[in-house]
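Engineer: Chain by chain, the residues:
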Amino acid sequence: MFECVSAALSAIILVGYLVVRPPLVRATKLWLLLGLGVFPIGAAFAGNVQGFEATKERVFCGSCHVMALHRADSDDRASGSLASRHARNAMFGSENCYVCHADYGMFGTILTKAGGMRHVWLYLTEYRQTSLEEAKTTIHLREPSKMNGNCMQCHSTEDTLWLKVPDHRASVDDTRAGRLGCASEGCHGLAHPFFQAPGAPQKTEKP
Amino acid sequence: MSARPVDSGWLILSCVCALAALSLMMWQVFNPTVWPVIVAMSLGQVLGTASFAAFGYVVFADFRAQRRADRKSRSIRPQ
Numbered sequence: 001m002f003e004c005v006s007a008a009l010s011a012i013i014l015v016g017y018l019v020v021r022p023p024l025v026r027a028t029k030l031w032l033l034l035g036l037g038v039f040p041i042g043a044a045f046a047g048n049v050q051g052f053e054a055t056k057e058r059v060f061c062g063s064c065h066v067m068a069l070h071r072a073d074s075d076d077r078a079s080g081s082l083a084s085r086h087a088r089n090a091m092f093g094s095e096n097c098y099v100c101h102a103d104y105g106m107f108g109t110i111l112t113k114a115g116g117m118r119h120v121w122l123y124l125t126e127y128r129q130t131s132l133e134e135a136k137t138t139i140h141l142r143e144p145s146k147m148n149g150n151c152m153q154c155h156s157t158e159d160t161l162w163l164k165v166p167d168h169r170a171s172v173d174d175t176r177a178g179r180l181g182c183a184s185e186g187c188h189g190l191a192h193p194f195f196q197a198p199g200a201p202q203k204t205e206k207p
Numbered sequence: 001m002s003a004r005p006v007d008s009g010w011l012i013l014s015c016v017c018a019l020a021a022l023s024l025m026m027w028q029v030f031n032p033t034v035w036p037v038i039v040a041m042s043l044g045q046v047l048g049t050a051s052f053a054a055f056g057y058v059v060f061a062d063f064r065a066q067r068r069a070d071r072k073s074r075s076i077r078p079q
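Protein sequences appear in the order of chains E and C.
If you count by the numbering used here, then the first sequence holds residues 1 to 207, one letter each, in order.
If you count by the numbering used here, then the second sequence holds residues 1 to 79, one letter each, in order.
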């Protein structure tokens, strides 16, 4: 809302200047300072915040055609996939792609955004003409071993309830080290089960 | 402080760039998908910054011209 108001005020001043073309006196400069500086900076600041927030939304991730199946699966409330089950959780909701795939390090937000730009580059150079069927077998996680770290942001692997499960207890070291994926076929199943090449080992989702 | 036709071209360019940048920003707000967001945050930012820089240049040039004119009028004035 703020960005719309700022942009509208700025546009009124700028269009007014272009139509009237007043002489460059002090009052004109002050009006132009508002129209070219103060209001656009306000609009840009608020717009950027909104833009960054928008990049966390599933709708945003799903706006590249190769992610259409991921998005459709998360949107499907009847789906039993890990991605969909997490999307139904209020803590993830419409931002489930970002919450599961974000980098959680100290500079996590920046690294995640940089990674997103890498996705855009790959999309432009490699995946733009890729069909969905082809994408199923070519798109994959860059660092699958890091994914457990993201699962462990919520499922700490230290909770007594978690450790009560015999399979968890037996594999806790491998799970923490990322040698055994939480979202692997032997454990909780692939997060996006439809996105694996037949017979391909652990090849799933994003580039 | 006077109207300087040489500066008005920069100001018109500046206004047009700012309007284009604002349009891109609004496109991003109303259609928050990949391309609008990327274009707004790259091209939009560049256009907006360029428009403000052009305005700054015009104001600075005007200020300098004004000072030059003041100095000239002082030197012409009889002692």
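One thing to keep in mind: the hints can contain errors.
[Said to hold, decoys possible] If you want the ones that stay clear, here's a sample from chain C, every Cβ over 12 Å from chain E, calculated:
1. Ser-42
2. Leu-47
3. Thr-49
4. Asp-62
5. Arg-67
6. Arg-68
7. Arg-71
8. Lys-72
9. Arg-74
[What the hints assert, rightly or not] Just so you have them, the derived chain E footprint on chain C, three or more residues with Cβ under 8 Å:
10. 27-33
11. 51-58
[Stated by the list, open to error] If you want a taste of the chain E side facing chain C, the calculated C-beta under 10 Å gives, among others:
12. Ser-6
13. Gly-115
14. Val-172
15. Arg-176
16. Gly-178
None of these hints come from the bench; they were simulated from the model.
Values in this document were obtained by computation on a predicted structure and should not be read as measured data.
Backbone N, C-alpha and C fix where the C-beta goes; we use that ideal spot for every residue, glycine too.
Engineer: Compare the structure with each hint and give your call.
Structural biologist: How the hints compare with the structure:
1. Ser-42: Given that some Cβ of chain E is not farther than 12 Å from that of Ser-42 of chain C, nearest at about 10 Å, it is violated.
2. Leu-47: About 10 Å separates Leu-47 of chain C from the closest Cβ of chain E, which leaves it inside 12 Å; violated.
3. Thr-49: Contrary to the label, Thr-49 of chain C does not stay out of reach of chain E, its closest Cβ about 9 Å off (not over 12 Å).
4. Asp-62: violated, 6 Å
5. Arg-67: Per Cβ check, Arg-67 of chain C is outside 12 Å of chain E; nearest 15 Å; holds.
6. Arg-68: holds, 16 Å
7. Arg-71: With a cut-off of 12 Å, Arg-71 of chain C remains clear of chain E, as the shortest Cβ separation is near 20 Å.
8. Lys-72: About 19 Å separates Lys-72 of chain C from the closest Cβ of chain E, which puts it past 12 Å; holds.
9. Arg-74: holds, 21 Å
10. 27-33: holds (count 4)
11. 51-58: holds (count 4)
12. Ser-6: holds, 9 Å
13. Gly-115: violated, 14 Å
14. Val-172: Violated: closest Cβ of chain C sits about 39 Å from Val-172 of chain E, beyond 10 Å.
15. Arg-176: violated, 35 Å
16. Gly-178: With Cβ-Cβ at 29 Å, over 10 Å, it is violated.
Checked against the numbered hints listed earlier, the structure breaks hints 1, 2, 3, 4, 13, 14, 15 and 16; every other hint is satisfied.
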